[in-house]
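Take a look at the letters that make up each chain.
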Amino acid sequence: MSASRSAGLLLVAPALVLVMALFVYPLTYSVVSAVSDPAGGVGAANFIKAFELYSGDILYTIFIVVISTILTGLVSIAIAGYLTMGETPWLVSGLAWLYRWPLFIPFIVAAQCMRTFLAKNGIMNNAIVAAGLLEPDQTISLLDWRGIVITFVWKQVPFVAMLLAGAMASLDRATIEAARNLGASRLRCLVEIGVPQVAQTLMVGLVLSFVTMLSVLSVPMMVAGSQPTMLTVDMAFRINAYGDYPVANALGVISYLMTAITAWFYLRYSLRQHRETLT
Amino acid sequence: MRTFILVPTLAITLVAAPASGQTINVATAGDENMVDYVRDYLGPLFEKAHRGVRVVAVGTGPGDAGSQKIYEKLAAQKSAGVAAWDFDVIVIHQKIAGQMAGAQLLAKYKDDIDTGKLVSRETAANALGADVSGYVMPMFHSQTALAYNPDIAKDVPSSYADLAEWVKKNPKKFGYNGIKGGMSGVAFVTGWVYAFSSDAAKMMKGPYDAATKAAWGNLLGQLKDFNKSVVITPGNAGTLDMLNRGEIAVGPVWVDMFYTWMADGKLPPSMKLKLITPGMPGQPMYYAVPAKAANAKLAETFVAMATSPEVQAEGIIKRFNWYPGIDAKYLEGKLDKAAWNKLFTDISPEELATKGQPFPITPYFNDVLEAYEKQVAN
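Top line first, the protein sequences correspond to chains A and B. Just so we're aligned: the first sequence equals residues 1 to 279 in this note's numbering. Just so we're aligned: the second sequence equals residues 280 to 657 in this note's numbering.
Calculated directly from the structure, the hints in this document are not laboratory data. It cannot be assumed that every hint is accurate.
Heads up, simulated SDA-like pairs for lysine to any residue below, C-alpha to C-alpha not over 20 Å straight-line [as the list claims (entries may be wrong)]: (1) K545/B / G122/A; (2) K653/B / P38/A; (3) K49/A / S627/B; (4) K452/B / P38/A.
Only some residues are given here: those of chain A computed to face chain B with a beta carbon under 7 Å [as the list claims (entries may be wrong)]: (5) L53; (6) Y60; (7) K120; (8) G166; (9) A167; (10) S170; (11) S215; (12) S218; (13) M222; (14) G225; (15) S226; (16) V233; (17) Y245.
So the derived label-pair ranges between C-beta atoms look like this [what the hints assert, rightly or not]: (18) Y269/A / A440/B: 55 to 65 Å; (19) L271/A / N497/B: 49 to 59 Å; (20) A355/B / A45/A: 21 to 31 Å.
Please read all numbers here as calculations on a predicted model, not as lab measurements. Where a beta carbon is used, it is the ideal one built from N, C-alpha and C, also for glycine.
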């Protein structure tokens with residue numbers, strides 16, 4: 001018994017050491033650094049400075065990430081829904097083949113592509129102008145917050161859609177077919193039968209996307225100008241321009257708080273689900 | 280944490296080194312062109328002259344961020360008590376050079392090499408107020424200026440005051456990258472503060488007075504107002520991109536990047552440069568040798584070659600469009616007239632001497648950036 005227990009501990013040890021060294025230690029260290037006072041001791045000075053300099057950027061970051069998460073959710077539901085309930089086989093297989101591509105493209109490459117695609121005289125506008133839909137001076141550049149949102153959604157949709165499509169494929173099709181027989185439209189089936197049953201998977205996908213988007217540095221740096229900008233850029237700037245880790249860490253703690261809120265929603269929801277399945 | 284990264288890197292370096300020959304590691308901060316310069320030009324040149332030696336070029340990223348990474352690596356090796364540090368030659372920005380010299384991370388090698396005597400500019404001894412004499416050799420000097428497209432920009436302003444008026448008449452035709460997207464924007468903002476405050480001389484020479492920045496409220500308010508009529512571009516390259524696509528007509532750029540992009544066909548050949556009054560900042564990049572470089576002697580030979588008149592003429596001026604790091608008089612006869620003149624097509628040597636300014640000393644530099652973040656960007 002004790003031999004198997006120590007063997008078990010031994011098995012867990014590498015993972016535990018990794019989590020401690022690569023997650024718990026840096027997290028604690030950054031919180032400690034964030035609440036350290038420049039004059040010595042503990043204080044909120046770093047947070048006050050962070051708000052003084054970056055309050056606009058904090059709101060901007062929340063705005064971008066929330067909008068992107070919502071749009072990611074909507075587009076993913078549409079794609080996953082069509083993959084499960086679509087009735088045109090070639091369209092379904094075409095979409096299934098296409099939609100995963102952005103998964104294999106790193107954020108920084110996506111950002112570089114968007115820079116040439118979304119610019120005022122970029123590929124998209126040039127194509128529109130060449131098609132005779134707009135005059136060259138009517139085009140606008142999307143290289144601002146819209147560019148960041150577009151890049152984020154483009155990059156995160158396949159991930160969420162893949163999770164959702166998997167979950168929807170394993171649903172009991174009888175319920176959907178029963179509703180269809182009774183005359184419900186496909187959209188109604190999706191919204192009232194499909195989505196509620198995969199809501200938890202959707203939540204997981206969106207929480208993970210939210211956290212990922214909050215941590216991306218390359219996209220806001222490359223796609224949009226720096227005023228306002230996202231917190232990752234500010235953190236990098238704090239370190240690179242001033243070597244100021246405490247305020248950078250304070251900004252980091254502010255981002256942890258943002259993710260903590262989504263994590264709390266997620267935990268509360270999944271606990272409730274768990275209780276429901278038990279009773 | 281750092282040991283997790285250092286140990287594998289070290290192991291790879293050890294395994295990768297050939298048994299017989301030596302390897303010198305050159306770490307360079309700056310844009311991709313800096314890495315290209317070492318990897319494609321200096322490295323092969325040095326390997327040819329020193330059989331069996333291999334030059335490994337490592338880029339650490341653009342702007343002060345790249346220099347900061349070199350600093351952190353060396354500081355970590357110093358505090359860990361490592362006997363032989365990984366980098367043999369480093370290429371760093373001005374701001375970090377003073378900090379590194381102060382932290383005893385650099386070797387005092389300039390007077391040991393022949394080319395040390397060829398340096399005349401003040402920046403070889405003074406890096407933003409810090410005494411770095413002996414520790415660094417200027418690799419090149421670079422300068423910021425306004426680039427403009429004469430086809431779409433008429434009556435291009437020739438001073439900061441004119442520019443402020445010009446953008447009101449030509450909204451969204453001027454673009455710069457703020458202060459977080461690279462040094463050309465930082466240079467533009469610094470030039471703005473020099474132009475509209477009476478503290479320019481004190482900011483460049485010192486002594487530092489923490490109360491100076493209190494007087495900048497008005498000029499920063501004007502800059503905030505100015506920003507409403509301009510485009511904030513994504514980065515140094517972002518400004519050049521937008522100039523190339525005709526989305527903006529005027530923007531601050533690094534002179535070397537401007538000429539290199541033009542030579543590569545990424546900018547229309549009709550574009551021009553203008554150095555506006557009272558002036559805009561420029562800066563050198565430095566070659567330095569870490570205090571405990573594993574191959575210190577070889578590293579010194581490398582820098583001596585890199586700062587020799589031949590290499591400065593062919594590599595720095597002709598191929599990469601930088602201004603030389605050593606005194607220009609030693610380049611006579613090493614360079615054809617056309618290559619020299621090309622450097623000064625739009626900005627004459629006299630203009631460069633009178634309107635090319637240094638960045639402020641480090642504490643003022645930080646004050647400018649932070650005041651901008653607080654009063655303009657937020």
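Comparing the hints with the structure gives:
{"no.": "1", "hint": "K545/B / G122/A", "result": "14 Å, holds"}
{"no.": "2", "hint": "K653/B / P38/A", "result": "19 Å, holds"}
{"no.": "3", "hint": "K49/A / S627/B", "result": "44 Å, violated"}
{"no.": "4", "hint": "K452/B / P38/A", "result": "42 Å, violated"}
{"no.": "5", "hint": "L53", "result": "5 Å, holds"}
{"no.": "6", "hint": "Y60", "result": "10 Å, violated"}
{"no.": "7", "hint": "K120", "result": "5 Å, holds"}
{"no.": "8", "hint": "G166", "result": "35 Å, violated"}
{"no.": "9", "hint": "A167", "result": "37 Å, violated"}
{"no.": "10", "hint": "S170", "result": "40 Å, violated"}
{"no.": "11", "hint": "S215", "result": "17 Å, violated"}
{"no.": "12", "hint": "S218", "result": "11 Å, violated"}
{"no.": "13", "hint": "M222", "result": "6 Å, holds"}
{"no.": "14", "hint": "G225", "result": "3 Å, holds"}
{"no.": "15", "hint": "S226", "result": "4 Å, holds"}
{"no.": "16", "hint": "V233", "result": "6 Å, holds"}
{"no.": "17", "hint": "Y245", "result": "11 Å, violated"}
{"no.": "18", "hint": "Y269/A / A440/B: 55 to 65 Å", "result": "59 Å, holds"}
{"no.": "19", "hint": "L271/A / N497/B: 49 to 59 Å", "result": "56 Å, holds"}
{"no.": "20", "hint": "A355/B / A45/A: 21 to 31 Å", "result": "27 Å, holds"}
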